[in-house]
Structures are given as structure tokens and as C-alpha cells.
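**Student:** Chains as they are written, first to last, in our numbering: chain A, 1 to 580; chain B, 1 to 130.
Read the hints as simulated data drawn from the structure, not as lab findings.
Since the model is a prediction, treat every value here as computed from it, not as a measurement.
Glycine is no exception: its CB is placed at the ideal position from the N, C-alpha and C atoms.
Be careful, since some hints might not be right.
Label-pair restraints from in silico Cβ distances [to be verified]:
#1 A:252 x B:101: 34 to 44 Å
#2 B:73 x A:206: 38 to 48 Å
#3 B:130 x A:246: 53 to 63 Å
#4 B:73 x A:196: 22 to 32 Å
Straight line, CA to CA, 25 Å or less: simulated PhoX-like cross-link-like pairs of lysine-lysine [as the list claims (entries may be wrong)]:
#5 A:178 x A:216
#6 A:216 x A:274
#7 B:4 x A:216
#8 B:4 x B:20
#9 A:246 x B:107
#10 A:382 x A:250
#11 A:382 x A:216
#12 A:250 x B:20
#13 A:233 x B:20
#14 A:348 x A:274
#15 A:246 x A:233
#16 A:214 x A:344
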Amino acid sequence: MKPPEDNLRLEHPAVSAPRLLDRSFILLRFTLIIATCYLLIAEYGARSVPLALVAMMIVVLVSNLGALAIPAAQLRAPWFIAATIVGDTVWITIALIATGRFTSEFFYLYFFVIFLAGVGENLRLIALGVTVVCVAYVVLVARTGGLDEVVNTQTLIRVPFLFSVAIFYGYLVDRLRKERHQLSQEQAVVEGLERNRRALAEANEELRRLSDVKSKFVSTVSHELKSPLTAIKNAVSLIEPGADGKSNEKLLEMIRRNADRLNIIIADLLDMSKAESGSLTIAADTLDLRPFLSQVMEPFETQAEGAGIGISIEIKSPESLPSVLADANRIEQVVANLLSNALKATPKGGSITLAVEDGGADWITIRVTDDGVGLSAEDQTKVFEPFFQAENTLEGKPAGTGLGLTICRDLIRGHGSELRLESELGVGSSFSFSLPVQSDRARETIAFENQVRTTFRAHPYFAILIVDGSLGTSSQPAGPTLDAARDRLAKILPRELDVLCEQPAHGRIIIVMLSTPLGGGWVVKRKLASAFAPESARDKASRWGSFKVLGPAGFPDDGEHGSILIDRATELGEQLEERS
Amino acid sequence: MSGKTVLVVDDEPDILETTKMVLERSGYEVVTATNGFEALGAARICKPDLILLDVMLPGENGYRVSHALREDEALGVYERPNRIILVTARNLSPDPEREQLFQDFAKPDRVIYKPFDLDDLVSQVGELIG
Chain A
1 MKPPEDNLRL EHPAVSAPRL LDRSFILLRF TLIIATCYLL IAEYGARSVP LALVAMMIVV
61 LVSNLGALAI PAAQLRAPWF IAATIVGDTV WITIALIATG RFTSEFFYLY FFVIFLAGVG
121 ENLRLIALGV TVVCVAYVVL VARTGGLDEV VNTQTLIRVP FLFSVAIFYG YLVDRLRKER
181 HQLSQEQAVV EGLERNRRAL AEANEELRRL SDVKSKFVST VSHELKSPLT AIKNAVSLIE
241 PGADGKSNEK LLEMIRRNAD RLNIIIADLL DMSKAESGSL TIAADTLDLR PFLSQVMEPF
301 ETQAEGAGIG ISIEIKSPES LPSVLADANR IEQVVANLLS NALKATPKGG SITLAVEDGG
361 ADWITIRVTD DGVGLSAEDQ TKVFEPFFQA ENTLEGKPAG TGLGLTICRD LIRGHGSELR
421 LESELGVGSS FSFSLPVQSD RARETIAFEN QVRTTFRAHP YFAILIVDGS LGTSSQPAGP
481 TLDAARDRLA KILPRELDVL CEQPAHGRII IVMLSTPLGG GWVVKRKLAS AFAPESARDK
541 ASRWGSFKVL GPAGFPDDGE HGSILIDRAT ELGEQLEERS
Chain B
1 MSGKTVLVVD DEPDILETTK MVLERSGYEV VTATNGFEAL GAARICKPDL ILLDVMLPGE
61 NGYRVSHALR EDEALGVYER PNRIILVTAR NLSPDPEREQ LFQDFAKPDR VIYKPFDLDD
121 LVSQVGELIG
């Protein structure tokens with residue numbers, strides 16, 4: 001199979017070879033040489049031109065003839081043009097000074113014309129300028145020497161000489177400018193095509209990946225939905241009207257159980273779809289953990305009792321457990337999910353603990369621990385992936401969708417924390433997460449966290465996250481975790497940033513912290529913004545439709561958040577490395 | 001009809017139970033297994049007349065179990081070829097070519113799709129082993 005780029009490689013239209021600055025300027029130079037020769041003859045008289053000057057003019061003439069043989073490509077080289085201008089200025093100046101009777105007005109006019117030609121924007125302006133200069137010169141001569149001076153040979157030679165010098169250099173500069181302009185335009189077109197090609201290739205790769213994910217999703221979901229449906233269908237066809245009640249009752253129970261399971265799967269799928277689209281909202285409010293947790297625990301207590309498993313709540317945190325900021329419904333979902341997983345993994349006689357601990361500055365940690373089957377190191381890395389189901393649960397086939405922990409992790413991230421797992425095969429598992437103690441700052445944090453989540457989800461191709469740099473720079477000393485974060489971010493940034501500015505492409509995520517070694521996050525943001533500044537509004541829609549700069553917002557400076565930031569930044573940084 | 005043994009392999013207890021019920025009502029003896037390894041062991045010990053094999057199994061999947069059974073047949077582990085019915089969800093594989101590839105690999109006698117009809121299942125089993 002062809003690699004995707006092959007399908008997308010665009011044929012660039014051949015860049016038209018610049019033909020503008022061709023040999024015509026060498027021909028034009030002959031007129032300049034002839035004009036100078038006339039000037040010398042007029043000043044000295046045909047027979048008394050010094051030999052040195054004659055030799056110089058012969059060298060210039062021969063060098064110009066030689067230039068005709070140089071390939072056109074080299075005539076366009078900047079070094080050649082520079083050498084021409086410098087060389088010409090030298091020999092013309094020598095010729096002018098050597099004439100001796102060279103008047104000072106003429107000398108200044110000559111340099112004025114050279115200057116005019118050098119800075120002239122186009123040939124027409126230069127021609128106009130030099131005409132004015134020549135007329136002024138004639139008027140000047142007429143005023144000092146009368147009409148006789150005007151019609152004498154010297155003046156008749158000097159005026160066309162000035163004129164040809166100006167036109168010659170004007171022509172050179174004009175062509176050079178036009179050519180450079182054309183070249184840069186062509187280059188911009190080629191670069192634009194290349195950029196689009198790369199963006200297409202990346203988008204194509206992304207689509208391919210999404211398509212694979214979708215295929216796997218469809219197959220897993222259809223299996224998950226069809227299994228209980230098959231059980232229901234089978235049970236229905238086995239129910240015998242009028243048969244003895246016992247067997248029918250068992251089948252009805254089976255139908256009810258599988259219908260419940262279908263219901264759970266569909267609810268999970270809906271949550272998952274909301275999480276994917278970034279619309280799984282967290283309505284955080286003040287929550288008193290003590291009554292809340294006992295209420296969540298209640299149904300599991302009866303279930304555990306039936307299964308012969310001990311279950312308890314332990315509140316280890318300070319006596320006066322402060323209220324936290326959380327979405328009660330969502331946290332109930334998470335805790336119930338964790339408890340239900342623990343029940344599945346714990347054998348008879350085992351125990352499950354729901355613990356509330358002090359989670360560091362302004363955080364309360366909730367931990368669900370079991371002494372059940374535990375997870376292997378390999379399973380631990382996969383446990384948060386959608387549809388993952390550990391195979392060593394006690395019942396053989398785990399009931400559920402394999403979406404529970406994926407959704408839980410998303411919900412906990414929405415609260416500005418992370419769902420953590422410690423587990424050992426045969427020893428047990430411990431899932432924990434933290435909730436912020438109710439405060440204005442916590443409220444801001446959760447709002448920011450949700451903004452980030454929503455943006456990443458809504459703009460999967462490109463997001464730039466700017467994190468407030470007040471962390472560690474204020475009077476509060478930065479914790480070791482934050483120092484490490486800054487160090488890693490700095491490692492990610494300087495190289496990536498330059499690459500990104502040069503070849504902006506889809507599918508990249510960057511984290512920028514204010515006060516980075518790059519001169520501050522806002523400098524970086526400005527740099528990025530100008531690099532991505534679209535040429536037109538339409539371009540913006542097509543190329544940077546998914547470009548977004550976030551922040552800044554309050555980002556608390558404490559260990560808990562620092563470590564999450566490191567994890568997130570490292571994760572993103574690794575993704576960047578993989579892609580590049 | 002009686003005396004024939006059917007090995008039913010599925011990791012869903014409810015499907016296993018209802019399938020077992022309906023086959024027993026039709027007079028078959030039913031042996032069950034809930035994963036690929038169990039299925040291979042049960043096939044060797046019980047030598048069933050027919051194997052009803054779900055595809056989505058933990059560990060070894062149904063295709064691989066079926067393939068392994070066919071390999072064992074080639075080695076002469078079984079006196080006669082196994083009758084295998086694969087059970088799968090139809091759109092499990094959105095790629096029909098790949099699905100075909102898997103089935104060529106597994107070489108089942110029949111394929112039925114979830115959710116299946118129990119009467120249809122019984123009649124298919126009947127057609128294969130009478």
C-alpha cells in the first residue's frame with residue numbers, strides 16, 4: 001500500500017526562471033562606455049587623451065564584451081551586480097576627475113544622479129528626475145556662461161552622459177527590485193502549497209487513525225449490545241406459556257437483568273460520547289463529604305454483606321472535615337463505579353475500605369482500597385483505556401462496558417485532579433483522587449480545567465494552552481514539582497516553537513507557561529500569533545479554524561497541581577515528539 | 001437424536017444457560033465452556049459431536065480455537081472432523097474482506113449471527129448432526 005503522502009503530493013507549477021535581468025543591461029552598458037569616451041574626447045581633444053585613461057577605457061570595453069559570454073544565471077547573482085555597480089562607479093569617477101576642467105556643479109550633479117538611480121523606485125521616476133537635473137544643469141550653465149557655453153561641445157556631451165548614467169543604473173535597480181518581488185511571490189506560492197500538502201497529509205493520517213478507532217468502537221459496542229440482547233431474545237423464546245412457574249421465573253429474572261445491563265451500557269455510551277465532545281459538564285458546588293459518602297455507600301453495604309465482604313468508611317483527615325467543591329452527581333458516579341469494581345475484584349472474606357484523607361494543601365483525597373485480585377503491571381497501564389476489561393475478575397466475565405474507568409478519569413480531571421491507581425497482582429488495588437477544599441480559587445481552577453478540557457475536545461487538531469505564570473514567581477516559593485515542570489516545559493518549547501512557527505501544522509498541542517526562559521509566555525503567544533496570522537479571513541477559516549489560545553487563569557501553586565501539570569505536559573510533549 | 005453431545009462455548013452466562021436449555025429440550029447432551037482454553041480441553045476430553053463457538057472470548061478468541069481444532073484434526077487427535085458452528089455479531093468486523101479472511105482461517109462448518117433465533121439454532125444443529 002502507498003504511504004499516504006504519495007496520494008497527496010502536489011505537483012508544484014514549475015517556478016518560472018527569472019529572465020528579467022538578462023543581457024540587455026550589458027548592451028545598455030555599452031552606451032555608458034561610449035558616452036564616457038565622448039566625454040573624455042570632448043574634455044581633452046581627440047588626440048591628447050592620456051594613455052592611462054585610454055587603457056582604462058579599453059579594459060572596461062573588453063570586460064563588458066567578456067560579460068556577454070557569462071551565462072545568464074550568473075549575471076543575476078547579487079555579487080555580480082554589486083561588482084558591476086562598484087566597478088562602474090570607480091572608473092566613471094576616475095574619468096570625471098581626470099578631465100581636470102571638471103566643474104564642481106557637474107561633479108555634484110553626477111553623484112546626485114547616481115543617488116537618484118540607486119534609490120529610485122521605478123524607471124519612469126528616475127527618467128523624470130534626471131530630465132529635471134539636466135534641464136537645471138543647462139539653465140545653470142546658461143546663467144553663468146551664456147548661450148555659447150550651452151551649445152559648446154562639453155555641455156552637449158555632459159548632458160547625455162548624465163542621462164545615460166541615470167537610465168543605466170535606474171534600469172539595473174528597477175529590474176532587480178521587480179525580480180526579487182516576483183521570486184518572493186513564487187516562493188510564497190510554493191511554500192503555501194507545501195504547507196497545505198503537509199497539513200493534508202497530517203489530517204489524512206489523523207482521519208485514518210480515527211477511522212481505526214471508530215471501527216474498533218463499532219465492533220466493541222455491537223458486541224456489548226448484542227450479548228445482552230441475545231440473552232433476552234433467547235430467554236423470551238424459552239418462556240413457555242402455562243408451564244411451571246419456576247423455570248419461567250428464572251427466565252424473566254434473566255430478561256430483567258440483561259435489560260438492566262443494556263440500560264447501563266447505553267448510559268455509559270452516552271456519557272462517553274459527551275466526554276468525547278467535551279460536553280460532560282461539571283456543575284461544582286459545595287459538598288459535605290461525610291453524609292454524602294455514607295449515602296453513596298449504602299447500597300454497596302448490603303451487596304458486600306451478601307457476598308461476605310467487609311466494607312467500611314474511614315475518615316482519616318482532620319476532625320473538622322471541610323466542605324469540598326465538587327459535582328455531587330458526578331462524584332457519586334465515580335465512587336459507585338470504584339466500589340462496584342472493588343466488589344467484583346474481592347473474594348469472600350476480603351475487605352473494601354473507602355477512606356478520606358488529607359490530600360495536601362487545600363485538597364481532600366478519597367481512596368477506595370480492596371484486598372482483591374489486583375492488577376498486573378500491564379493491565380495497570382491499560383485500565384483507563386475505553387473498553388478495557390481485566391480478565392482476572394472473580395466472576396470470569398466482568399459485567400459492564402469497560403467504559404466506567406475512562407469516564408471516571410474524565411470526571412475527576414474535570415475537578416482538577418487525577419484518578420490514580422496503585423495495585424499489585426494478588427494483593428489488591430487502590431484507586432484515589434482528590435477534591436479541592438471549597439474556596440474561590442478552587443472554583444476558578446475547576447472552571448479553568450473545564451475550559452481546557454472543552455477546548456481540547458472541541459479542537460482536536462490544534463490547541464495552544466497558556467498557563468498562568470504567576471506560579472512560583474510570586475512571593476510564594478515554587479515547590480520542587482513546579483521547578484521540575486518549568487524545566488521540562490522549557491525543554492519542550494524552544495525547539496518545538498521554532499519548528500512550529502516555520503511549518504505550522506495541524507495536530508499539535510503546545511503548553512506555554514508565562515515566565516519561560518523564552519522571555520515570558522505572552523512573548524511566546526505573540527510570536528505564535530504572528531506566525532499563524534492568516535493572510536486572509538478565508539485562510540483563517542480553512543487553516544486555523546481549530547487554532548485556539550487559552551488562558552491565562554488562576555492555576556494554584558501547590559504540589560498537587562504541579563504534578564498534574566507535569567504529567568499533562570509530559571504526555572503532550574511525548575505526543576509532540578512522536579509526531580515529529 | 002438422543003445421545004449426541006454439543007459443546008457450547010460462550011463467556012456470557014445467560015446466553016450459555018439459555019442455549020443449554022434449548023438444546024437439552026431437543027434431546028442433546030450439553031457441555032459448556034466459558035473461554036478458549038476450556039473449550040479446547042473440553043473438546044479433547046468429551047469429543048462432542050458439535051461445537052457451538054462464540055467468537056468474542058476472553059483469551060483465545062473463537063477463530064483461533066476453531067483453527068486449533070482443525071490443526072488437531074490434521075494431526076489425528078480426533079477420529080472424525082469436528083462440527084463447528086461459529087457465533088458472531090454480524091457487524092463485529094466492519095471490513096467484510098477481513099471477516100472472510102478470519103473465517104477462512106477458522107474453517108467453521110457454519111456461521112450464525114447474534115442475536116440468533118433459538119429455533120433456527122436448533123434446526124441448524126439438527127441439520128449438521130441429526
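**Student:** Of all the hints given earlier, name the ones this structure violates by number, lowest first.
**Tutor:** 3, 4, 5, 7, 9, 10, 14, 16
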